[in-house]
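In this text, residue positions in the sequence shown follow our numbering: the first is 87, and each later residue adds one.
Be aware that a few hints might be false.
[To be verified] For lysine-lysine, the following DSS-like pairs were computed, each having C-alpha atoms within a straight-line distance of at most 27 Å:
no.: 1; residue 1: 547; residue 2: 575
no.: 2; residue 1: 367; residue 2: 271
no.: 3; residue 1: 367; residue 2: 336
[What the hints assert, rightly or not] Derived CB-CB ranges, DEER-like:
no.: 4; residue 1: 381; residue 2: 470; range: 27 to 37 Å
no.: 5; residue 1: 374; residue 2: 553; range: 36 to 46 Å
no.: 6; residue 1: 314; residue 2: 282; range: 39 to 49 Å
no.: 7; residue 1: 122; residue 2: 358; range: 53 to 63 Å
no.: 8; residue 1: 309; residue 2: 600; range: 25 to 35 Å
no.: 9; residue 1: 553; residue 2: 282; range: 16 to 26 Å
No lab work stands behind these hints, which were simulated from the structure alone.
No experiment lies behind these values; they were computed from the predicted model shown.
Just so it is clear, CB atoms sit at the ideal spot from N, CA and C, and this is done for glycine as well.
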Amino acid sequence: MPASVPPRKRLGDLLVEGGLITPAQLQNGLQEQKRTGERLGQILVDLGYITEETLGEFLGTQLGIPYVNLENYVLDPRVVNLIPENIARSYQLVAIACNNTIVTVAMADPLNVFAMDEVRRRTGLQVEPVVGILSEIRKVIDQYYGASASVEEVIKGIDLESVGVGEEIRLEQLQRIAEETPVIKLVNLIIMQALRDRASDIHIEPAGDSLRIRFRIDGVLHEVMNLPQRLHPAVVSRLKIMANLDIAEKRIPQDGRIEMKVQSREIDLRVATLPTIFGEKVALRLLDKSSLLIGMEQLGMSTETLTRFEFLIVRPHGIILVTGPTGSGKTTTLYAALSKINTVEKNIITIEDPVEYQLKIINQIQVNPRAGITYANALRSVLRQDPDIIMIGEIRDRDTADIAIHAALTGHLVFSTLHTNDAAGAITRLIDMGVEPFLIASAVIGVLAQRLVRVNCSRCKENYQPSVDILQSVGLVPSRVAMTFSRGKGCGECKGTGYRGRTGIFELVSMNNQLRELIVSRTPVDNLRQVAMTGGMIDLRHDGLRKVQQGITTIEEVLRVTQAVD
87 MPASVPPRKR LGDLLVEGGL ITPAQLQNGL QEQKRTGERL GQILVDLGYI
137 TEETLGEFLG TQLGIPYVNL ENYVLDPRVV NLIPENIARS YQLVAIACNN
187 TIVTVAMADP LNVFAMDEVR RRTGLQVEPV VGILSEIRKV IDQYYGASAS
237 VEEVIKGIDL ESVGVGEEIR LEQLQRIAEE TPVIKLVNLI IMQALRDRAS
287 DIHIEPAGDS LRIRFRIDGV LHEVMNLPQR LHPAVVSRLK IMANLDIAEK
337 RIPQDGRIEM KVQSREIDLR VATLPTIFGE KVALRLLDKS SLLIGMEQLG
387 MSTETLTRFE FLIVRPHGII LVTGPTGSGK TTTLYAALSK INTVEKNIIT
437 IEDPVEYQLK IINQIQVNPR AGITYANALR SVLRQDPDII MIGEIRDRDT
487 ADIAIHAALT GHLVFSTLHT NDAAGAITRL IDMGVEPFLI ASAVIGVLAQ
537 RLVRVNCSRC KENYQPSVDI LQSVGLVPSR VAMTFSRGKG CGECKGTGYR
587 GRTGIFELVS MNNQLRELIV SRTPVDNLRQ VAMTGGMIDL RHDGLRKVQQ
637 GITTIEEVLR VTQAVD
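Using the sequences and the hints given, assemble the complete structure.
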């Protein structure tokens, strides 16, 4: 116990002295405590005198013990399970991080020395207590112990001997197994854990002797489960049934969609199967339709780039392109831009594949090639709907590019994306598609290239000194560098990665007369890029280094996402 804590000062007195409750409220709480025997803090919360969050923060401040918000934690089940479930429930605590000698434990009562002694005895580790909210601790206990036990119980409930491999299974048997309760529970648990871990993708991969489950979290894949290989047909068939795919067809790729509601959240899963030598691999992209869209200010743009980009998106006509690889946040940027300029006076229509978020007032069209709704066909129809602004999910071919340019030249503002490494490369890509350079020069008013970099975990961030090789790889001379570098050392909140969350790095080319002349004369992309930088463009690498200097991310992370741009 810290020496600064008065040993005989009671919680109620501290709360009154802190002005969080009145003496009368304390007396009511004490009377209720005599009647029920419950902890005073929880009684005051139940009576509505104080919130759990306020109580947790207050206790942390008074005791000199860190307060943690478990809602923001991605916990490692192996760490949670260091403490037996009966101990966790009895003392209302949960393990959230661990190193070789210390286990960090979130506790509703961090001064309970008996609880800490019990954890120390059971784990053989020193205990570092932190203050947690009781309801959140109970929720974590239910989710993590319950989920762990459920996965094991579900697997035990599946008759593995009756599940054959590959072509041995008859279609009727496969259908029956996929619709059995244990298999349904197993698939639901995988999806639930992915949502809890903030995963953007789930990969279900047969690996010869096992079924590997990997989640993509903050842009990086992590292996989270290894299931018996014999579960593969049942799991894949269940997902196919949910996505309305043909469970009998295993030789060709299939695409589908699953819509589900999880705790009032509308979740859309894009499902894609792919035949491999060990069986079908399934990839699921998770889209939370009920998530709030972020504003332009939260994208991660520098003040200078944001000002220039906002100037472009209020122009009356022209094409604005957002470029980058799959998963670089292009759609998020486009949605933020549309939300910024969206008013009832404007007719905004989007053509998307898929429609990831529902935008108010805006008319959104889902691409459906089977029904003849391609980007090009939909765009032709949209132009007959008197639009002011059009967003095309992606320019994939000459036909779509030509119609988009025609729309821009006839008074429409057009947003779209391209898969290129940098902003200047978008011009070359359009020329390669067969679009005339003079049309590109006339229609395109700006190109924004972007990547997503992982953000240093705020809980375990520390200063460090990068190696000489790393500094030289980004053009920094070690002897002349006066920057302070930060990185996360790894904790329970970031699952030991040192990163939690992502932000964008950007480069923006605003078209001017000099660039237009170079485009018409088919100047090589390297020359276009150099002229753009001379005109004030900050490239992806240097925008990333700005965020390194601000302590937001690391040089290694910037290098990871920008190496293809070199």
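Status of each hint after checking the structure:
1. A threshold of 27 Å between alpha carbons decides the hint, and for residue 547 with residue 575 the separation of about 6 Å falls inside it, so the pair holds.
2. A C-alpha spacing of about 20 Å is found between residue 367 and residue 271, which places the hinted pair at or below 27 Å, so the restraint holds.
3. Taking the CA atoms of residue 367 and residue 336, the gap is near 10 Å; set against the 27 Å cutoff, the hint holds.
4. A hinted range of 27 to 37 Å for the beta carbons of residue 381 and residue 470 is consistent with their spacing of about 32 Å.
5. In this structure the hint that residue 374 and residue 553 lie 36 to 46 Å apart at CB holds, the actual value being about 38 Å.
6. Taking 39 to 49 Å as the suggested C-beta distance range, the pair residue 314 and residue 282 does not conform, at roughly 23 Å.
7. Take residue 122 and residue 358: their Cβ atoms lie about 54 Å apart, and the range 53 to 63 Å holds.
8. A C-beta distance of roughly 50 Å is found between residue 309 and residue 600, which places it outside the suggested range of 25 to 35 Å.
9. For residue 553 paired with residue 282, a C-beta distance near 36 Å fails the hint of 16 to 26 Å.
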